[in-house]
Structures are given as structure tokens and as C-alpha cells.
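Undergrad: Given next are the chains, with one letter for each unit.
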Amino acid sequence: MSLVTTLWSMQAAAALTVAVLYGVVWSVDRRNLANLTLCVVAVAMAFVARAEVGMMHAATVAEYGDWARLCYLPVTVALIGQVLFIHLFLGTGRRGLLWTIVGLRLLVLIGNFITYPTFAWRAIIGLRHVPFLGENVAVPGPLVLRSWHWLAFATCLLIVIFVADAALRLWRQGGAEQRRRALVAGGGVGLSLAATMLYAQLVMMGSLQLPLLVSPSFLITILVMAVELSRGFLLYRQTRQELEELRSELARAGRVTALGQLASALAHELSQPLGAILRNAEAAELHLNNPSPDLDELREIIADIRKDDRRAGDVIEQMRALIKRRTLQMHPLALNELVQDVVSLVHSDAVARHVAIECVATPGLPLVSGDRVHLSQVLLNLIMNGMDAIQTSPANNRRVVVEARPREHGQVEVAVTDSGPGVSAAIINKVFDPFYTTKSGGLGMGLPISRTIIEAHGGRLWAEQAPGGRGLTFRFTLFQAETALRTQEIFQAQGAVS
Amino acid sequence: MSVSGLVYVVDDDPSFRTAVTRLLTAAGLSVQGYCSGDELLAELAGEEPPVGCGCVLADLFMPGLDGLQLQQACADAGFELPFVFLTGHGDVPSAVSAMQHGAVDFLDKCAPQQALLASLERALERSEHTRLSRARHAQLTRRFAALTEREREVLEQVVHGRMNKQIAAALGIHERTVKLHRSAITTKLGVRSVAELTTLARNAGLFAEPPSACP
Numbered sequence: 001m002s003l004v005t006t007l008w009s010m011q012a013a014a015a016l017t018v019a020v021l022y023g024v025v026w027s028v029d030r031r032n033l034a035n036l037t038l039c040v041v042a043v044a045m046a047f048v049a050r051a052e053v054g055m056m057h058a059a060t061v062a063e064y065g066d067w068a069r070l071c072y073l074p075v076t077v078a079l080i081g082q083v084l085f086i087h088l089f090l091g092t093g094r095r096g097l098l099w100t101i102v103g104l105r106l107l108v109l110i111g112n113f114i115t116y117p118t119f120a121w122r123a124i125i126g127l128r129h130v131p132f133l134g135e136n137v138a139v140p141g142p143l144v145l146r147s148w149h150w151l152a153f154a155t156c157l158l159i160v161i162f163v164a165d166a167a168l169r170l171w172r173q174g175g176a177e178q179r180r181r182a183l184v185a186g187g188g189v190g191l192s193l194a195a196t197m198l199y200a201q202l203v204m205m206g207s208l209q210l211p212l213l214v215s216p217s218f219l220i221t222i223l224v225m226a227v228e229l230s231r232g233f234l235l236y237r238q239t240r241q242e243l244e245e246l247r248s249e250l251a252r253a254g255r256v257t258a259l260g261q262l263a264s265a266l267a268h269e270l271s272q273p274l275g276a277i278l279r280n281a282e283a284a285e286l287h288l289n290n291p292s293p294d295l296d297e298l299r300e301i302i303a304d305i306r307k308d309d310r311r312a313g314d315v316i317e318q319m320r321a322l323i324k325r326r327t328l329q330m331h332p333l334a335l336n337e338l339v340q341d342v343v344s345l346v347h348s349d350a351v352a353r354h355v356a357i358e359c360v361a362t363p364g365l366p367l368v369s370g371d372r373v374h375l376s377q378v379l380l381n382l383i384m385n386g387m388d389a390i391q392t393s394p395a396n397n398r399r400v401v402v403e404a405r406p407r408e409h410g411q412v413e414v415a416v417t418d419s420g421p422g423v424s425a426a427i428i429n430k431v432f433d434p435f436y437t438t439k440s441g442g443l444g445m446g447l448p449i450s451r452t453i454i455e456a457h458g459g460r461l462w463a464e465q466a467p468g469g470r471g472l473t474f475r476f477t478l479f480q481a482e483t484a485l486r487t488q489e490i491f492q493a494q495g496a497v498s
Numbered sequence: 001m002s003v004s005g006l007v008y009v010v011d012d013d014p015s016f017r018t019a020v021t022r023l024l025t026a027a028g029l030s031v032q033g034y035c036s037g038d039e040l041l042a043e044l045a046g047e048e049p050p051v052g053c054g055c056v057l058a059d060l061f062m063p064g065l066d067g068l069q070l071q072q073a074c075a076d077a078g079f080e081l082p083f084v085f086l087t088g089h090g091d092v093p094s095a096v097s098a099m100q101h102g103a104v105d106f107l108d109k110c111a112p113q114q115a116l117l118a119s120l121e122r123a124l125e126r127s128e129h130t131r132l133s134r135a136r137h138a139q140l141t142r143r144f145a146a147l148t149e150r151e152r153e154v155l156e157q158v159v160h161g162r163m164n165k166q167i168a169a170a171l172g173i174h175e176r177t178v179k180l181h182r183s184a185i186t187t188k189l190g191v192r193s194v195a196e197l198t199t200l201a202r203n204a205g206l207f208a209e210p211p212s213a214c215p
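Line by line, the protein sequences give chains Y and B. Here the first sequence stands for residues 1 to 498, where the numbers follow the numbering used here. Here the second sequence stands for residues 1 to 215, where the numbers follow the numbering used here.
Calculated from the structure, these hints are not laboratory results. Check the hints yourself; a few may be wrong.
Short, incomplete list of chain Y residues facing chain B, as computed with Cβ under 8 Å [as the list claims (entries may be wrong)]:
#: 1; residue: A267
#: 2; residue: A276
#: 3; residue: R279
#: 4; residue: N280
#: 5; residue: E282
#: 6; residue: A283
#: 7; residue: K307
#: 8; residue: V351
Computed list of chain B residues with no C-beta within reach of chain Y, every gap over 12 Å [unchecked claim]:
#: 9; residue: E43
#: 10; residue: C53
#: 11; residue: A75
#: 12; residue: E80
#: 13; residue: E125
#: 14; residue: L132
#: 15; residue: S133
#: 16; residue: R134
#: 17; residue: V159
#: 18; residue: A169
#: 19; residue: A170
#: 20; residue: H174
#: 21; residue: L180
#: 22; residue: T199
Ranges between beta-carbon positions, derived for each pair [unchecked claim]:
#: 23; chain 1: Y; residue 1: Y436; chain 2: B; residue 2: S30; range: 53 to 63 Å
#: 24; chain 1: B; residue 1: S30; chain 2: Y; residue 2: R405; range: 47 to 57 Å
#: 25; chain 1: Y; residue 1: Y436; chain 2: B; residue 2: R122; range: 50 to 60 Å
#: 26; chain 1: B; residue 1: R122; chain 2: Y; residue 2: H331; range: 52 to 62 Å
#: 27; chain 1: Y; residue 1: N429; chain 2: B; residue 2: A77; range: 26 to 36 Å
#: 28; chain 1: B; residue 1: D76; chain 2: Y; residue 2: N396; range: 16 to 26 Å
#: 29; chain 1: Y; residue 1: N290; chain 2: B; residue 2: T130; range: 26 to 36 Å
#: 30; chain 1: Y; residue 1: A395; chain 2: B; residue 2: Q166; range: 36 to 46 Å
#: 31; chain 1: Y; residue 1: A334; chain 2: B; residue 2: P112; range: 41 to 51 Å
#: 32; chain 1: Y; residue 1: E408; chain 2: B; residue 2: Q72; range: 44 to 54 Å
#: 33; chain 1: B; residue 1: Q32; chain 2: Y; residue 2: N290; range: 17 to 27 Å
#: 34; chain 1: B; residue 1: Q32; chain 2: Y; residue 2: A303; range: 22 to 32 Å
Every value quoted in this text rests on a predicted model; they were computed, and no experiment measured them. Glycine included, each C-beta is placed from N, C-alpha and C at the ideal position.
Assemble the whole structure, with the sequences as input and the hints as a guide.
TA: Structure representation (C-alpha cells):
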């Protein structure tokens, strides 16, 4: 096989690889049309390469003319594709210019197929053979140009102007990323187009004794486009990480807000053990004033002081855990215990608001895989929402029921049900919208944050009318620790194979 | 402590209840602990109101009956027990409401011991005072109950400063009969002067309104 055939086949293969890659990328995220334009340009580029090989190996003038004529189609597709890519990627192209280019280029294409041999050439007078990459390839002899041949040239010139203009406008907007894009995309695509145009013009005028080629410049363009778009993927990872950090920061803000709402109740929760410690100490003092103090009583008092001190410490520890900045740390958790902890945190608030909180614990509930602090936050949020919802109910009917039970497919479901008035079906899903709130002091972030937390755990959080009457139920699912572990193992095994 | 009486401690937190009971006992008070308002009411229901000298030291926020509701329930049942409230986080509206309903004090759970004991002392004094005045009142009521219908009518006129002649005219009886009634009244009530008689009648809560049969 000749070197020309090999090189051009490789060009086509490279172009088709890029086409397949970006075609797949586009099919995953159809909103990003720049990926589609790159795919189309790359396919067209492969056809251009094929036509060029045909032209170089043409034996007769007619064969050369046929390939040249055919070449107009992929070239047009590739040119329009590049213009659209620049338009989508830089976002600063002039629309008027864009559609003028598309219109003119289509006109040239139609003109090309109703004339012979091509739009620009009236006739090819003989072929010459010149040495190129170690073999003799066909180049056109003197060409008879049509009077309108400048239109094809003008279209290409307009494309160069369009690209340069779009790049310049983006450059002027300032910003490091904008300038880099303008320079690389505008410069790369614009310069290679301009160079090709100049080259083709020189060949047609007979000044250069070389084959008429556009594919090498198209290949450069495609590579520039591909590199630019793949930068997007690299940035995507970084953005994802930033998003993850932002989410965890938002969750923390949510926890701090929730604690703020609980502040007075927590103060009460702390004042119980602190008050008990103080009274015990005072009682001990009085006993010590006795000439013969009751030592057993004193020992009991000291034991109680210790116990209450631990109790106060636990409350503070729980608060501190909720305020700490942290990312998800998955551990096997006993849900019943977690529910108890959260309920004890809101206990004082519930008592002050005459709310009875019931925990329905399923004995032998399997461990779940989750982050203790984040899940506490979700439960805290749901229980506090429940208590807010029943604020207007009569004092003897203010109940919040927290229930955890196993579900199929290795999941566990937690339901928080209030005995309040519930919400209408129309807004039942609106409650998860950010900034949607029915409370005067509410921020409307609690439920959206809770939902992201549960989704980060691989579960779902949703709302529904409480079974059998009034009130609202929030349900969320979590994976059992065993299931999560197995899934992780499967992933790891797959990772090892690939 | 100088005053006597029973302190009913009502708090749902067993640890705090025990600690307070210890302190108050060590300070020389008689204390009984209850874990809820309902428990205290159940205990009191066994007794005939009014109970003896005592006061209630209650947590403001409790499951079931809260402090203010317990205060109301006690008053409704006729137990005139002074209340001292304890709270972890006292808010102004609760404090105002408690004081309006006759609470003696409203204290933080970590309030100084002296403040707590002083409040309880005042509450027990108030209880003692209430008990004494109630006893005096009961005794007076018994003394006035010994008077006949006609004597009460005459007494009413006397308390409002009428002369014997006016009384006789108002009741349609002879002036000498009025004098006889008056001496019977002073003998039965054990008073010597009209001024004393008037004070006594006022203390017994009698004849606040002027007599209707005014000429």
C-alpha cells in the first residue's frame, strides 16, 4: 500500500474515532450540541480524506473531476460544522454572519451539483503527475475558472472573518478562561482555515505543484476542537468535587440553622443536668456542715453528679458533632439508636410544645450504611418539620411517629408521620423545592438539603399523605450495611477487571 | 428554716428531682417529689381542700400537664398552694402568666441556692398566712352564724352607721326592741364597741353593700 493511502486512511480512522467518541458523549448529554458538531465535522473529514485519495490516484481528468465534485459535500458539511462549533463554543459569533455563511455555502453546494465538473471549475485541462510522499500523484493541469468562482472563496473568507470576530469579541470580555478559549479555538480553527484557503488558492493558480488537499488542516481543527471539549470533562470532575464540598457546606449550614431553632430547647436540655449538679453539690455542702455527715448519702450524691456531668457532656457532644464541617463518612449504623438520639435532642422542645414523639422500633432491624451526623440532620429536620406542622392542632392530638422497618432489596425504610392537617396533593412535591416554605421564619432549605443527603446515601426521600387520614408522612430509604458492602465489593471487582 | 410546711417538688427529670429533694431536705424542709402534675393532683385528690401549709416547686415544662396548667388545676380544685416555678429557659410570656396567676417566683434551674430557699420560704409564709386567715375567717363565720335572722338585720343597719331610731323605723319595730337586739349581738359576738363590731363584720366579709331597706 502506498504511503499516501496509509496516511490518509489513518487520518480517516482518527477522524472516525473522534466522531464515535463525541457521538457517544453527545448521546449521553444531548444539551451540549458542540459535541454533536465535532462528531459531524469528524465524519465529514473522513469522507474528505477518501475523496482526496481518489483525486490523487485519479487516472483520467473525468475521474479527477468526479472526486473533486464529490468532495464539495463533505467539505461543506465540515465547514458549516466548524462554524456552528465556534458559534456554540465561543458563544460570541454574529448570528447574521453565521446564517449568511450557511446560506452561501449551501448555494455553492447546490451550484456544484448542477454544474460540471465543479462549482468553481469550468474545465480541467489535463492532469499532471508530481512526486508527493515518495510516489507520483495526480494534480490538475491548467484550470478554467468560472466567473463566479470567487463566491466559494468569499464564503471561506467570511468563515475566517466570523471565527476571528467571535474570538476577538470573547477576548475583549476578559477573564483568563475566556481569553484562553478565544486564543485556542479562534486561533486554531481560524488560522488553519486561512492557511488551507491560501494553499488551495495557490494550487489552483498553478503556483504550487502539489496535490489539492484540505484534510490535514481539518484534522488540526478537529484535534483543537477535541482538546477544547475534553478540557470540559476534566473541569467537570473538578466542578463535581466543588459541588460536593458546597453540598456538604450547605448541609452544615442546615444543621446549624436547625440547632439555632432548637437553641432554647437545648439550653433547657442542658439546664436539667447542670441544675441537678448544682443542687447536689449544695446538698453535699449542707451535709458536710454536719458534725457527722452521712457518708453514704455523700457517695450517692457524687455518683449522681458524675452521671449528670456525663449527660450534659453528651448533649454538648451531639451539638458539636452537628456543627462540625465534614464530608460523608459511611459506617454501619443502628437506626433505632440513631432515632433515639435525635429524639432525645428534641425532647425538651417537644415537651414545651406539647408534642408526643413516638418511636416505633422494629426489633432486629439490620444495620444501615450511612453517615451518623448527616442522617441525624435529616431525622432532626423531619421531626422538627412534623412538630411545626402540628402547632395548630389541639394539644391532645400532637403526635409525631418515627418508624423504621426493613424493606425488600436489602433496604431499610424510615417514616416520620405527623398528626397535622397535611398538605394538598398539589403541593406535596413542592415541599422539596429550594426556598419553598410554609413557615414564617422558614428558609425553605431543610427538605432540599435532606433530600440531597439521602440521595448521596443512594436512597430516596419523598412525601405522601399519611396512611388513613390526616397528616403527612416523609419516607426515606437507606441501604442495609451488608447490601452496601456487597455492592461496593462488586464495584471493586469490576474495577479490578477493567 | 424558720417556716414549716411541705414542699411538693414536681419535675419530670428524675435526676433533678432527686437533687432538689436532697438539697431541700438537707436545708430542713419536708419534701415530697412527684414526676408529673397528674401524680400530684392524684395525691391531693385524696385530701379535703384546703390542705395544710405547703407550696409547690414545679418545672414549667413537663410532659402532660405543664407548670402553668398544674397551677390552674390546683386552683380549680380549691387547693390554695403557692407556686414557685423552675425553668431551663424562662421566656417572658410564661413568667408574666405565672406571676399573674399568683406564682410566688419564677426561677432558673441553676438559680443560687439562697434565691431558691428564699422563694420557698416566702411561699410557705404565704401558705401559712393564707391558712391562718382562713382559720380566723372560719371562726368568725361560726360566731356570726349564732345570730338570729332579726339580729342580723339589726346588725346590718348598725354596721352601716344607722341610729337606733332609724333602725326601728326601717325594720318597723320599737326602738327599745332594737336596743335589746343590739345587746344580744354584742354578747354573742363578744365585742364591746360599735367600732369593734364593724371591723369584725368587715373581716367576716359581711354587709359590704348598704342595706336595701333604706328609708
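Undergrad: If a hint holds in the structure, say so; if it doesn't, say that too.
TA: Structure-based check of each hint:
The interface hint given for A267 (chain Y) is met, as the beta carbon of that residue sits about 5 Å from the closest beta carbon of chain B, less than 8 Å. For A276 (chain Y), the shortest C-beta to C-beta distance to chain B is roughly 4 Å, which falls under 8 Å, so the interface hint holds. The restraint placing R279 (chain Y) at the interface with chain B holds, with a minimum CB-CB distance near 4 Å, inside the 8 Å limit. Contact between N280 (chain Y) and chain B, as hinted, is supported at the beta carbon level, the nearest pair being about 4 Å apart and thus within 8 Å.
Hint status for E282 (chain Y): holds, given a least beta-carbon distance of 5 Å to chain B, under 8 Å. Taken as an interface hint, A283 (chain Y) checks out: its beta carbon lies about 4 Å from the nearest beta carbon of chain B, inside 8 Å. Interface restraint check for K307 (chain Y): the shortest CB-CB distance to chain B comes to about 7 Å, inside 8 Å, so the restraint holds. Interface hint at V351 (chain Y): satisfied, since its Cβ lies 5 Å from the closest Cβ of chain B, which is below the 8 Å cut-off.
Residue placement check: E43 (chain B) keeps its beta carbon more than 12 Å from all beta carbons of chain Y (closest about 22 Å). Every C-beta of chain Y lies more than 12 Å from that of C53 (chain B), the closest at about 23 Å, which supports listing it as non-interface. In this structure A75 (chain B) is separated from chain Y by more than 12 Å, as the shortest Cβ-Cβ distance comes to about 19 Å. For E80 (chain B), the requirement that its beta carbon stay farther than 12 Å from each beta carbon of chain Y is met, with the minimum near 26 Å.
Residue-level check passed: E125 (chain B) sits 21 Å from the nearest beta carbon of chain Y, beyond 12 Å. Against chain Y, the non-interface label of L132 (chain B) holds: every CB pair exceeds 12 Å, the least being about 30 Å. Listed as a non-interface residue, S133 (chain B) keeps its Cβ farther than 12 Å from every Cβ of chain Y; the least gap is roughly 33 Å. Here R134 (chain B) stays apart from chain Y, with its beta-carbon at least about 32 Å from theirs, past the 12 Å limit.
Distance to chain Y confirms V159 (chain B) as a non-interface residue, since its nearest Cβ pair spans about 49 Å, more than 12 Å. At the 12 Å boundary, the C-beta of A169 (chain B) stays outside the reach of chain Y, the nearest C-beta of that chain being 61 Å off. Residue placement check: A170 (chain B) keeps its beta carbon more than 12 Å from all beta carbons of chain Y (closest about 56 Å). No beta-carbon of chain Y comes within 12 Å of the beta-carbon of H174 (chain B); the shortest separation is about 66 Å.
Against chain Y, the non-interface label of L180 (chain B) holds: every CB pair exceeds 12 Å, the least being about 63 Å. Remark: the non-interface label on T199 (chain B) is consistent with the geometry, its nearest Cβ contact in chain Y lying 45 Å away (cut-off 12 Å). Against the hinted window of 53 to 63 Å, the Cβ-Cβ separation of Y436 (chain Y) and S30 (chain B) comes to about 57 Å, which satisfies the hint. Range check, S30 (chain B) to R405 (chain Y): about 50 Å between beta-carbon atoms, so the 47 to 57 Å window is met.
Separated by about 52 Å at the C-beta atoms, Y436 (chain Y) and R122 (chain B) satisfy the suggested range of 50 to 60 Å. Judged by the Cβ atoms, the range 52 to 62 Å given for R122 (chain B) and H331 (chain Y) holds: they are separated by roughly 55 Å. N429 (chain Y) and A77 (chain B) have their C-beta atoms about 51 Å apart, which leaves the hinted 26 to 36 Å range violated. A hinted range of 16 to 26 Å holds for the C-beta pair D76 (chain B) and N396 (chain Y), which are about 18 Å apart.
Our hint of 26 to 36 Å for N290 (chain Y) and T130 (chain B) holds, since their Cβ atoms are close to 33 Å apart. A beta carbon spacing of about 59 Å between A395 (chain Y) and Q166 (chain B) contradicts the range 36 to 46 Å that was offered as a hint. Distance hint check for A334 (chain Y) and P112 (chain B): the Cβ-Cβ separation is about 42 Å, which falls inside the suggested range of 41 to 51 Å. The beta-carbon spacing between E408 (chain Y) and Q72 (chain B), approximately 52 Å, falls within the hinted interval of 44 to 54 Å.
At roughly 23 Å, the beta carbons of Q32 (chain B) and N290 (chain Y) sit within the given window of 17 to 27 Å. Under the hint 22 to 32 Å, the C-beta atoms of Q32 (chain B) and A303 (chain Y), about 23 Å apart, fit the expected range.
Taken one by one, the earlier hints fail for this structure at numbers 27, 30, listed in ascending order.
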